[in-house]
Amino acid sequence: MNDAALKPDTQDIVVDEVFPHAPETIWKTLTTGELIGRWLMAPTGFEPVKGKHFTFQTKPAGAWDGIIHCQVLEVMPNERLVYAWKGGHEENVGYGSRLETVVTWILSRAENGTRLRLVHSGFVTPKNDSAFKTMSEGWKKVVQSIGDIAGEQD
Amino acid sequence: MIEAATITVVMRTLADPTRRAVFERVVRSDEITVVELTRGSGVTQGAISQHLKSLKQAGLVAERAQGRNVYYRAQPEGLGPLVDWMSHYGVFWRERFANLRTLLKEIDP
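Protein chains in written order, with this note's numbering: chain A, 1038 to 1191; chain B, 10 to 118.
Okay, chain A solo, but in the shape it has when bound:
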């Protein structure tokens, strides 16, 4: 599919669902700035035009300002939309660490609607514990707050 998918040290997130709407309707929600803001996050500078740069403001972490830098890579109306999704900072570990990924939206006709497939590719997953060791006190705090997080899951 793309370079990231071929690298053995990266992984993809795939979400695949069928929606009872026409591809054209879904395409509109993926490619209209105002509508994107209503289900994803409000983009700045988005246009469904190859090469176009845009950003999303997310939660900052450490030396990272929280800005996701995107660039439209492919546009096939009602079928396929691909953009780069980059952010993070070298000094961070876990959330807020360097992020160089690609988001691909694939629309295909399904019975009673449209299959929408998201592939978020290029995640570099930790191979050894060195990254986590450098978190030292940081991840101990994670453990301490896990009670709350775990409680929410049940």
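A portion of the hints provided could be inaccurate.
[What the hints assert, rightly or not] Below, computed lysine to any residue pairings styled on SDA-like, alpha-carbon distance capped at 25 Å:
hint: 1; chain 1: A; residue 1: Lys1065; chain 2: A; residue 2: Arg1152
hint: 2; chain 1: A; residue 1: Lys1065; chain 2: B; residue 2: Pro118
hint: 3; chain 1: B; residue 1: Lys65; chain 2: B; residue 2: Thr27
hint: 4; chain 1: A; residue 1: Lys1089; chain 2: B; residue 2: Met20
hint: 5; chain 1: A; residue 1: Lys1096; chain 2: B; residue 2: Arg105
hint: 6; chain 1: A; residue 1: Lys1096; chain 2: B; residue 2: Ile116
hint: 7; chain 1: B; residue 1: Lys114; chain 2: A; residue 2: Asn1115
hint: 8; chain 1: A; residue 1: Lys1123; chain 2: B; residue 2: Arg105
hint: 9; chain 1: A; residue 1: Lys1065; chain 2: A; residue 2: Val1109
hint: 10; chain 1: A; residue 1: Lys1087; chain 2: B; residue 2: Arg105
hint: 11; chain 1: A; residue 1: Lys1089; chain 2: A; residue 2: Ile1073
hint: 12; chain 1: B; residue 1: Lys114; chain 2: A; residue 2: Glu1054
hint: 13; chain 1: A; residue 1: Lys1096; chain 2: A; residue 2: Gly1070
hint: 14; chain 1: A; residue 1: Lys1123; chain 2: A; residue 2: Thr1081
hint: 15; chain 1: B; residue 1: Lys65; chain 2: B; residue 2: Ala30
hint: 16; chain 1: B; residue 1: Lys114; chain 2: A; residue 2: Pro1085
hint: 17; chain 1: B; residue 1: Lys114; chain 2: A; residue 2: Lys1123
hint: 18; chain 1: A; residue 1: Lys1123; chain 2: B; residue 2: Asn108
hint: 19; chain 1: A; residue 1: Lys1089; chain 2: A; residue 2: Leu1118
hint: 20; chain 1: A; residue 1: Lys1065; chain 2: B; residue 2: Lys114
hint: 21; chain 1: B; residue 1: Lys114; chain 2: A; residue 2: Lys1096
hint: 22; chain 1: B; residue 1: Lys114; chain 2: A; residue 2: Lys1087
hint: 23; chain 1: B; residue 1: Lys114; chain 2: A; residue 2: Asn1149
hint: 24; chain 1: B; residue 1: Lys114; chain 2: A; residue 2: Val1052
If you're looking for bench data, these hints aren't it; they were derived computationally from the structure.
Dock chain B against the given chain A, drawing on the hints supplied.
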């Protein structure tokens, strides 16, 4: 989804306050035995052993046998599923798909 399953396992494993306390003690020491963990814990050695077994299955602790003793140490990378980008976005996109479904219902009833 593999990583979603892992998050659930780690969450479930650490949801138990006693088990979490055991894990925190393992984290604070370089290596520790069941006997040392039991001391002052207020629970039986058997209970501690069970908690260590769960922690080991979740990839949160590793063990090393030496003579009669088994030493446990933390494997912080086991917490990876809770703190890395991938798990962040695993949750993020599922939530966004739910938002999208709601929005589509609104604009195209």
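Okay, the hints, checked on the actual structure:
no.: 1; hint: A:Lys1065 with A:Arg1152; verdict: holds (15 Å)
no.: 2; hint: A:Lys1065 with B:Pro118; verdict: holds (15 Å)
no.: 3; hint: B:Lys65 with B:Thr27; verdict: holds (15 Å)
no.: 4; hint: A:Lys1089 with B:Met20; verdict: violated (40 Å)
no.: 5; hint: A:Lys1096 with B:Arg105; verdict: holds (16 Å)
no.: 6; hint: A:Lys1096 with B:Ile116; verdict: violated (29 Å)
no.: 7; hint: B:Lys114 with A:Asn1115; verdict: holds (18 Å)
no.: 8; hint: A:Lys1123 with B:Arg105; verdict: holds (18 Å)
no.: 9; hint: A:Lys1065 with A:Val1109; verdict: holds (16 Å)
no.: 10; hint: A:Lys1087 with B:Arg105; verdict: holds (24 Å)
no.: 11; hint: A:Lys1089 with A:Ile1073; verdict: holds (16 Å)
no.: 12; hint: B:Lys114 with A:Glu1054; verdict: holds (15 Å)
no.: 13; hint: A:Lys1096 with A:Gly1070; verdict: holds (20 Å)
no.: 14; hint: A:Lys1123 with A:Thr1081; verdict: holds (14 Å)
no.: 15; hint: B:Lys65 with B:Ala30; verdict: holds (15 Å)
no.: 16; hint: B:Lys114 with A:Pro1085; verdict: holds (23 Å)
no.: 17; hint: B:Lys114 with A:Lys1123; verdict: violated (31 Å)
no.: 18; hint: A:Lys1123 with B:Asn108; verdict: holds (23 Å)
no.: 19; hint: A:Lys1089 with A:Leu1118; verdict: holds (12 Å)
no.: 20; hint: A:Lys1065 with B:Lys114; verdict: holds (13 Å)
no.: 21; hint: B:Lys114 with A:Lys1096; verdict: violated (28 Å)
no.: 22; hint: B:Lys114 with A:Lys1087; verdict: violated (29 Å)
no.: 23; hint: B:Lys114 with A:Asn1149; verdict: holds (14 Å)
no.: 24; hint: B:Lys114 with A:Val1052; verdict: holds (19 Å)
In the structure shown, a violation is registered for the earlier hints numbered 4, 6, 17, 21 and 22, in ascending order.
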